[in-house]
Amino acid sequence: MSVPEPVSGGRWQARLAIARRDLLEFVRDRRALFITLVMPMAMYPLLAMSSTLGVRAAIAELDKNRSVARLALALSGPDAEAFAARVAVAAERTADRAPGWPEHLTVRSVEADDAPQLLDSGGADAWIDLGPGVVRALDGADTVTLTPRFSTVRPPGRTVTEHVMAVMRGVADGARRARLANAGLPASLLEPIRVEFAGGEASAPGSGMRDILPTAASAVFVLLALLTATGAFYPAIDAIAGEKERGTIETLLIAPCDAIDVVAGKFLAVFTVTLATLLANAVSIALTATVLLRLLPADAAGSLPAPATLAAAGVTLLAYVGLAAVAAALCLTVTAASKSAKEAQNTLTPVVMLIAALAGSAILPGADAGRWVPAVPFAGHVAVAKAALATFTATATPPGGPAEGEPTAAGIGVGLIMSLVSSAVLTWLLLQLTANLVTDEEILFRGPEAATRGFARPPPRAIPSPGQGLAAAVAGLAALWYAQGLAPRDLLTGIVAQQAMAVLVPLAAIAWWQRVDARRTYALAWPAPSPPRTMLVLVGAALVGVGLFVTGAAALLAWGGDVSPELRQLAARLVDLVRAGPAWRAVAILAVMPAVCEELLFRGWVLAGLAGPSPSRRRALVAVVAQAALFAAFHLLPERMPQTFTVGLVLGWLTIATRSILPAVVAHAAHNATPVVLVAAASDAEFAAFQSGGAPSLPAWAVAAAIACLVAGTGLVAVAGWTETSRRTGP
Amino acid sequence: MIEVVDLVKEYRAGDGAVVRAVDGVSFRVEPGEMVGLLGGNGAGKTTTMRILATLLRPTAGTARVAGRDVLADPIGVRRHLGYVSATTGVPDRLTPREVLGSFGRIHGMARERLATRVTELAGILDLGGFLDRPCGRLSSGQRQRVSLARALVHDPTVLVLDEPTSTLDVLGSRDLLDLLGTLRTDGRTILVSTHRLHEIERRCDRFLIIAGGRIRAEGTRDALAAGRQGGLEAAFFAAVAGEAAP
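Chains as they are written, first to last, in our numbering: chain E, 9 to 739; chain R, 95 to 340.
Be a bit skeptical, because a hint or two may be false.
Anything over 10 Å on all C-beta distances counts as not near chain E; from chain R, calculated [to be verified]:
{"no.": "1", "residue": "Asn135"}
{"no.": "2", "residue": "Ile200"}
{"no.": "3", "residue": "Gly202"}
Stretch-level coverage of chain E by chain R, calculated; a stretch enters the list once three of its residues show a Cβ under 8 Å from a Cβ in chain R [to be verified]:
{"no.": "4", "region": "23-29"}
{"no.": "5", "region": "32-43"}
{"no.": "6", "region": "263-274"}
{"no.": "7", "region": "442-453"}
Derived from the structure by calculation, the hints contain no laboratory data. Every residue, glycine too, gets a C-beta built ideally from N, C-alpha and C.
Using the sequences and the hints, build the whole thing.
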């Protein structure tokens, strides 16, 4: 009997068959189905119910602060009637009322003995006992001191004191006008400028709701992002890690299609479930919002901007389709690196935090949909939705169009397209990565111990791996961030602590974990074959360092634009430090120590890891550029980054060219020491003249001398340090 | 047909050392032939079979299945290959009919042909009693039969079976090996590995004895056992110990 030829189908048929198979499995998992699709329908009403009271209270408080303005003022004393008349006059001048004037004002004369009881019973909000001659003093030229009193059992709110002050300002204004009239001067003397806003009265009752709406909507958008992404978790875990656990992944990997087709099929299934989760959440939000609006006070609900239009809802849903795609792909990627469902769940936990952080960042001021924000995953999706709601539900567009920076319909469209394109590209990249991970032999067939292999101390290496090089820089950056908060505020000890925490501790930790050949990793070698040539190289490196600082400073002054307050403040503190103590101490702390520590990290560990054992010219170039970028990022302040990037490039070149870290250390120290020496050497008079000069530009001769230093230094290093190979040698 | 020439597979162990799991293995399995791959744990059987199934990439050497190279044309190999291993599972929440249906569709089978094939396999492998029951509620023997049906659904010309009887009882093993014998007579190429020599010593046409990643002995049962007391088992122990054939 002959064997029949096997059949073969198209790639899409295979993808759809895999997607159908995975979906069928998912819908049979009732627990996952409930958590993913049913729970949101129950969760939003519960959240809304629990928050309704809070929302009502918030609205009431806002409205109270803005417009519920009643003041019952009690006056006692012989001038009470006369003073009440002055208040009535002030109340009639509606156009000149001071801010905070109460909507409803009642003034009554009382006996001083009855006033405390009146306050405690709520018959009056404030009481002023007017001594004899108050009105006469007002008409004269004296200053009258009044002491409002409040109930001791019902302490006054902020609004009551504001109202009292407004009324007193109104009476005082009337007194000033009378005094001017008596002196024969016009009333306009008191009012050089009058401001009248167009558009009439603001802050109608219920405006509190308008204030709450953007915040509430942003919170809902972030929640929707998180819950939509959560919809991808269970199906993604089941789709890859679960298949590995059940031993069924092999059967798919021997299907007649590429790994990317298997992953695409699984993505379609996970994406479908994620979209279903999005829709379930959206429907629940819409229904909950409708109910919530009915529960709110009628005036508050009635003053809301027009309900979210179809356009706003459509943009939001479209943006979140992109979010669902990215979330599905991201979860698949993470679970593809896991051996079991449990491992995948552990790995997905930080992903939740990442998504929450990114989505939450869209609420921050400045994270609008008009710039590059829409391209950022999760943050961009939320920003587009937020901007769409703000734009399409606005009650009216002001004359002349939206203000600069306000989102427009066209801007929303561009943001949406940017978001969708970015999502598509990111999804495609993640799926490619997933296809690589899912067929990775180590992950696919490793034993149970392999899950923790990444945390076991690895065997010694000659130099760190590229990943370890990068990890040290990232750890340094994170440690620097924390060091800024934890280091002492005193600049002297603060710098020492920062260098220790951000450079030495991470470097020591990673060097302990990954044992390396220190001589090769940190390029601990002389830069030239003989002592005289070594000296020439180091002198050249020092000249390069000085030249780099001066040219960098000249460039910053010429093209740097406005210097940020942070940089200005830092510079001022550094100058104070240098002027306050001996020069050697400043040189040691500001120049030598950073040079040694940072060079060991960046031109030692990081550069060695990124360049590899025997780098080609291209690999060496990429490594030098990459470590320079990390070095620039390490200096945090954006204005300094171009300069520190350039310095990083030059120091990287010095290390690669001489196969020694010493020239980089010397150049770095010389670079940092140059301003220290200049500031320390200046006389007080010179220093005062320099400080009063604002932001000076450097004289041409100084720039020319710096360029000469750079050229001469580079030449010295190149000639004296030249050996047969200008690259690091291999193991 | 299966052709393996100087196959090498290396991987890096947890301590960073390079381990050579398969070390220059060469052999052929012709159409209509069933060959047993015998070896202890860690001998290189599973690695060799995973390379044939395109799940692992060889470090060196070549492996061809049905005339297709595993590296150059892995999709072509998969179209002609049916693969089952001891760790291969079946989805708990799907029924055998759904499992076979989904894999038939992945292989591009038309609806009518697929339905006919499922009925055919249900008859051959005796799946009829549980064809619509979720796999999670099947016994290990039933699950293994479903797994084999899945590997056969697209009528592959080559079968690579890595310890297919390890989860089966005696009766289940006998039935499965009987079925393999039938498939061999249909002209299929079958490579099967097992620890249980007695199960296959009278069913396979030839045997490959592998140890330490190398083929130590190769031949028919009679040729390997010739001159030894204890038959194939003795030949196996001798080959693993590195003794030359008498």
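What are the numbers of the hints that this structure violates, sorted from low to high? 2 and 3
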